[in-house]
Structures are given as C-alpha cells and as structure tokens.
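2 protein chains.
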Amino acid sequence: MRLTILGCYAATPRTFTNPTSQVLEIQNHLFLIDCGEGTQVQLRKYRVKFSRIKHIFISHLHGDHFFGLPGLISTFRLLGRENELHIYGPKGIKEAITLLLKLGDSWTNFPLIFHEVESKETTLLFEDDKVGVHTIPLDHRIYTNGFLFKEKESPRTLDVEAAKHFGVDRSQYIKIKEGADGISKNGDIVPNVKLTLDPPKAKSYAYCSDTAYKESVVPLIENVDTLYHESTFLETEAHLCEKTKHSTAKQAAQIAQQAQVGCLVLGHYSTRYKSIELFKEEAQEVFSEVELADDGKVFEF
Amino acid sequence: MRLTILGCYAATPRTFTNPTSQVLEIQNHLFLIDCGEGTQVQLRKYRVKFSRIKHIFISHLHGDHFFGLPGLISTFRLLGRENELHIYGPKGIKEAITLLLKLGDSWTNFPLIFHEVESKETTLLFEDDKVGVHTIPLDHRIYTNGFLFKEKESPRTLDVEAAKHFGVDRSQYIKIKEGADGISKNGDIVPNVKLTLDPPKAKSYAYCSDTAYKESVVPLIENVDTLYHESTFLETEAHLCEKTKHSTAKQAAQIAQQAQVGCLVLGHYSTRYKSIELFKEEAQEVFSEVELADDGKVFEF
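Protein chains in written order, with my numbering: chain A, 1 to 301; chain B, 302 to 602.
Certain hints may be false.
What the simulated footprint calls covered on chain A by chain B, stretch by stretch (three residues with Cβ under 8 Å from a Cβ of chain B suffice, anywhere in the stretch; the number is not a length) [unchecked claim]: (1) 8-16; (2) 74-81; (3) 104-114.
Simulated from the structure, these hints should not be mistaken for laboratory data.
Just so you know, even glycine gets a beta-carbon here, dropped at the ideal spot from N, CA and C.
Extracted from the complex, chain A is given alone in its bound form:
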C-alpha cells in the first residue's frame, strides 16, 4: 500500500503548495482521492501513469478538492483514453462536469461513469475481490465524505511442510485451501488451522478531509493501519474550527487515539503557520505515531 501526496494544503493553490489530492496504490489499483486545481501537473511531476487511474473519489465540491477534475478529464480525452473512468462524489458532480464538457463540446471518447452519493450513512462505493471502498460521513460546511479503503482478508495459505508432517495426501490440498480439514494416512482428522498459515494482514487506509472533530467516525475507522486526518489549524486557532468546520492537529490526534489506528498522517494545513512541524508537535502530545503529509511525499505502509 503506497500513498503519494500530490497536494495537502488548505484553500488556494500557491507557487510551492498545492490543494488536496493524493494517489493510493493498493492491490494493483491506483485510486485518485480528491483533485484540486493543478492535480494533473502534480501527477506528471511525480510520474503517476495517467492511464492507471480508473477510479476517482471526490470528498466534497469545494474548489480546493475538485477544481482540477474537469481539466484532468479533458486531458484524458486528449491523450486518447479509451478505458472507463469512474467518478465517485457528492450529488451534483455529474451535472457540473457534464455542463463543462457540453459548453466546450468536449465529450469524452471513453466511458465516463458517475457514482453520486448523498447518504449520510456509510456506503459501499466500490468493491472487487481484493478491496472495498466505503464512505466515511464527515462534518463540513457542505456535504462531505471521507473514504475507507480496505483490503479483503486473503484466504489462509497451505502449509505444505505441515501437510507432509501430518501425512496428508496432495489430493486434499485444494479442499484444504478452501477451508476443509485434512485426513492423515492413519485416518485421523487434522484441523485446517494446523495445515494452513495466516494470510498477510489485510491493510486499510482511512481518508478524512475536510471535517470538524467528529467522534462518530471512530467506529468506522477503528484499527486502520493509516489514518489521514485533516488538521487545518493548531489549538491556538481552535475558535475558527466551529465556523469553518475544520479540525486542529490535537483533535485529529484524539480521533486517531480513540480509533487506535496504526499511524496518523496530518494534512490540509492552513498556510498561516511558519512550519508544519508545529502540527506534529501538537498531535504527538495526544498520539505518538504521527507523520506529516507534504506535497510529493510518498508513504509506504
């Protein structure tokens, strides 16, 4: 599982900082999460292969998470894309993109498939045999969802050495992989758990931006390996959180701590602060495993 931060600063693009966008590589998928203005340039800069992006998840329709999408779709068209592109986002996203394509008479020559959400409950957006993606309802000024990316448990793998040890014949291997117990040469039943190995741990990533402090996300993201949680402000500006519906670094850490996540990644920083290290310091007073997102940074989990 590999996370590339394309942009992680709040509000407006600047010369050296970019609004929110990130790429999650998981089980051979390349999921694009949010798409602020300039995302396509960041994708080029960090050499993400455009054609591998098949699913784009948009948390909400504020410009700093969304205004790069029309241009990215146009560029896909100019590059001669033929593969389906799936867009997941709040109701309204289809109307907006469709209007812009219509005004430019720039209909895509590839299937552009919208999956609009409007539920306030967690919803399954995407699923295949390897991974599932659910919404995480957040609390922002407009309708907003985070996203939970979760690998599926792989089946237990056959322990050939153990099978030999217990005298279990090869002819049983397929059934054992499917979960059956084995039978030894002597006719004794050998429990499946003794003939198989634990699968690699299924990994998970939760993305929560933008949101005010919202404890009800905790049960949805419990024990995820990595939580990206916005921290627009420090506690010194906590009074701004209520009006703007953002969080402080401390609040992000409180969510991480309650959900017992493996690692907290902070981002969506207001540019009013001298150094983003201040966010880490504040969060670590509550939760020790803190990383700072930054444009171009890559996390391998």
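Given chain A, put chain B in place with the hints provided.
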C-alpha cells in the same frame, strides 16, 4: 502598454508549460485575458496584484482557456475581495460558474458581473474614457472571440511655446485645448494645429486565440501595434488545422502582414515541436516583426 504572458501553450498544463492566460496593462487597467488551469499560481509567480484585476475576458469555453477561472474567483473570495469583478465570455459561462459556486456553497461576497456574448459580429464589451475593448469573431471548433484593446485618441496638447510665439494670450488656452483656433495680439486667426502638439499615439493590442486562418479579421485589426495570433502548428502539420480549427505560424504571419500590424506575437504552441524558435523562423518568411510568447515573458509596447 505591458503584456505579461502567464501561459501560452496549447491543450494541457504540464510541469513547465501553462495553458493560455495573459495580463494586459493598459491605461491603468489590468485586463486578464483567458484563464487556463493554474492561472492563479502564475499570477502569484509573476507578482500580479490580484486586487487590480477587475475585468476578465474569456475567449471560449475550452478548458485550456477557462478552467482556471472558478478557482481564481474562489481565491478572490478567500482573499476578502469586495470590488466588482466583471467577466466577459461566451454565453454559458455564467451558468457554469454559478453552478460551481452553488455546489460549493461558495457565493462571492463581492459583486460578480457576467457579460455574456453570442454575436457573430464584432461587439463593444467595455469602454471608459481611456480605452475600449471589442470582440474579434474567430473561427474555432466552438464559439470563440478574440479581443481588440484600443486606447482612445487623447486630445492634442497645448504648445505653450508656439502660443507665445504667435502672441496668443493665456486666457485662450482652455478653448485651444478643446480644439478652438487662437487669436494673436494683432487680431490674426492662428489655426489650432499651429498651437497644439500631436497627442501620443493611441496604442492597440489584438488577441486572436484560438482560430483557423480567417481573413475577415484583417479589417478589424488593421494597423494595431501588436497582434497576438495563435500558431498551434507549423506548416508541416497544416493538414491538422482544418479539423482542429487552429493556425500555422505562416498563416498567423499572413494575417499580420495583411493587417500591417506593428508586431506579431506568436503563441498557443503545440508541444509536439522540439523548439518554439521554429515558429518564429516560419513566420518570418512572411512577416519580419515576429516575437515569441513564452510563459513569464513580458512585452512592453
């Protein structure tokens, strides 16, 4: 008259090249012409003061001329803008911007005034006592206008030395400035032209992007000081011009030559070519006064 090129490459933004946008400083106005994705970052990079932009002219609704506008408007809002912002562009631009602001619940706290055009004839878009802006109907895949920026003729200025020489009394100066003839001490009439100096030449700038070769623009732009004319292709790719409705460098030069402009500035280059110098070489075979636009380049006329 000062022209800052923010971006001048065709199609998609790239790591080191930007789609079309430019700023024209004329008679204390700062006119923004087109607004491809990333324009607000280019404005910051070249230190153009956001608050001085009061009029934005959009030639057509293809993404590489327009997709930076929603983000720029949002940024104006975040910066606390209070002044009116006037947007001139094809019919549909108001619906698109309004929908994006509505979806983001991001209404501006400054007056946002749209001036939509749909005429195929040249139209006056803006006028004050110093400058006028007209559309230049172009020939592109969708409805597109270039823009003609023209300073107004200043009144002739009083030649005090001449007035003294002819013995014309000070009491007549105001009327002479308004165009009246003078009367000398001896009672002789002194023609106005002998008592006044030519005003500084009124300057003009024509912007023509995107367009196929279109001779009917020639009478509209005759004798302008500077013509920006797109040259997406070289003659080796002239066969692409008909389908895409773009011009070659040679065609741009032919327009410049017929219109007897002072200087031709080329831009909107396809990125397929090794060097933009090739565009200049091709154009100069037809017309000698050729300059190459490039991102960040400033022209003083």
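Hint check:
Beta-carbon proximity to chain B at under 8 Å applies to 5 residues in the stretch 8-16 of chain A; the threshold of 3 is reached and the given coverage holds. For the stretch 74-81 of chain A, the proposed coverage by chain B is satisfied: 3 residues have a C-beta within less than 8 Å of a C-beta in that chain, meeting the threshold of three. Counting residues of the stretch 104-114 of chain A whose beta carbon lies closer than 8 Å to any beta carbon of chain B gives 3, which reaches the threshold of three, so the coverage claim holds.
In terms of the numbered hints stated before, the structure departs from none.
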